[in-house]
Amino acid sequence: MEFWVYFAAKPLFWLIVTLIVFMFASELNRRSGGTPLLHPVLISMAIIISFLLVTGTRYETYFEGAQFIHFLLGPATVALAVPLFDHFERIKKMWFVLLVACISGAVTAIVSVLLVGLAFDLPVEVLLSLAPKSVTSPIAIGIVEKIGGYPSLAAGLVLITGAMGCLLSPLVFKLLNVKDGAVKGFTLGLAAHGFGTAYAFETSALAGAFAGLAMGMTGLLTAFLLPVVISLMGFN
Amino acid sequence: MLNGFLVLLLCQLLGELVVLASGVPVPGPVFGMILLLLVLIAFKKTPKSVRLVSEGLLRHLAFLYVPAGVGLMVHLEMISHYWLAILVALLVSTFVTLVVTALVFRLLGRLNGPAKGEIGDSSEGVK
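Chains as they are written, first to last, in this note's numbering: chain A, 1 to 236; chain B, 1 to 127.
Pulled out of the complex, with its shape left as it was, chain B reads as follows (with noise of 0.2 Å):
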């Protein structure tokens, strides 16, 4: 467990030296999952450590979001002011969003069709 955690934070680390290296616009965490994925790749298998503790933090994932969530607040008096259009245009690129990935992916899909039966059950998931 504790194994686990550690590999995740050195990860984190090794993520925020490369972006700091290298001064691209990308989160550390991002290059420390990058690192994370292609070490489970070269492992073939995921440490039973670090899964215990992965799927615990993501089990419990929306939890995590609230102290940011809160920091809403700060930003009050601007959003009294836009809130109509910040509403509006979430609203109009989720629903653009979701109507044109679901259609190209399955125009793709069935272009490719053998690839979409392949896929079985799956296994427990990320809240």
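The shape of chain A in the complex, shown without the other chains (with noise of 0.2 Å):
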């Protein structure tokens, strides 16, 4: 037992158990045939919130070896413009058609689940923590430190939104009978962020483009956009 309590002290410890359990989680995705339902990362949290929960581990002791990992959301969000650098001829052309519907959708977005949230009464740091649920994490993280919500919370919901992005999407393209790659690219990396464009990549290259750049758009102006939205709506 001593041993234990030595062990899950050290940092190095839950970086381990955090390396591992995700290639099990992946692994375990990839056996399944890729379904959103089983996203990797949706796995590894019910993984180890279980692991951390039943050994009785604080998230803060568990946070002091994965903040490691945590770090290098900084420098990926910086990287994002590397793909955006990519497709800057292509944007350039477009860029009209791009900007409105990346308006039109991240406002969409911010006021819908606003809305609901605001039907069914959820406290204000609740709301403010789901207002930026279709924007890539590290993005979602740092508009709602600045905000006001729980970022902690934020971040679950942005993986949840992701994964029910890849879900809804066929049904959506089908209803409006959508076949265009570069539109249904655009649109899930809109809404569904990262695991929106990785799923994108699997229909056609030109979709996952698409999606790439529709993800950085959307952290992009919806860093900008939702502090003017959430005072609009009146909530600071």
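Keep in mind the hints are simulated off the structure, nothing from the lab. Backbone N, C-alpha and C define an ideal beta-carbon position, used for all residues, glycine too.
If you only want the chain B side, here are some residues facing chain A, beta carbon under 7 Å, derived:
id: 1; residue: Val30
id: 2; residue: Met33
id: 3; residue: Leu37
id: 4; residue: Thr46
id: 5; residue: Val66
id: 6; residue: Pro67
id: 7; residue: Gly69
id: 8; residue: Val74
id: 9; residue: Tyr82
id: 10; residue: Ala85
id: 11; residue: Ala89
id: 12; residue: Leu90
id: 13; residue: Val96
id: 14; residue: Thr97
id: 15; residue: Leu108
Build the complex from these two chains, which are given one at a time in their own frames, with help from the hints.
Laid out in structure tokens, this is it:
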């Protein structure tokens, strides 16, 4: 038992647990045919949370190790500039279509989730944590830290949204008879960030490129739009 | 490889400084992203080391989400109160967002017809 206490307090231990669990979850996802229901991130979260609860470990203790992974989200956000730059020629040509589609989608995402949340009488902090749910996690966490929700709640909700977007998209594309890969990809990247982008790449490279673009644009625009929208809706 | 990582970290640092100095409610790394984009545009190409590190990070983007996602455990009690409302809100909003985005993009794309045809195949992607 002393042995356990010693290791459980070491940051290295939780770093290794996170890596191993994620590798296991990725393998599980691959063997189940890559369904968004069993997304490796969601499986990893479930396993690690259960493990921490069973062993009576506090999140703060876990995070002392996991923070080294978490830290990389910052440079990863900066790195989004690379795919954006790769598609810069196309963006320049289509900038108006992309901008209008992105603003409409991003504002719809924010306003619709807040309206449904308000209808259910959710507390303000929960609403603020829900607001950036379509934005890739590192940006969503940053936004929520700024506007005053729970960053860790927001991060989890973003991930659940990503899985939902992938699940719902085939239905939506069928309903609207969307066949164009560019439209599919852009829509997935906007509503379901990195999860949607990974999913779009499985359809076609064109869809994937537009999804990556939409993810970057939505993150950027939401960071600027969200504070304006919530003050217009009277949250602060 | 190390150069590339340094470039990303420097952009992030400058981004944080911009946020600190201006008080704009936008995350520092977002300004870092804009900054790097401007640098790449000025350079007219992505240096190999920057591409290497960036694509490495973005390929494993999903993994980087895990520590923050585990943070949901702090809110388990609150989630057990509101899980249905949260789930419905996310489902409805995600559905509406998909529909609106697809419709707007398709409508404008039609008005702007030729642009769509110019899009060729694409490069490797981000996960």
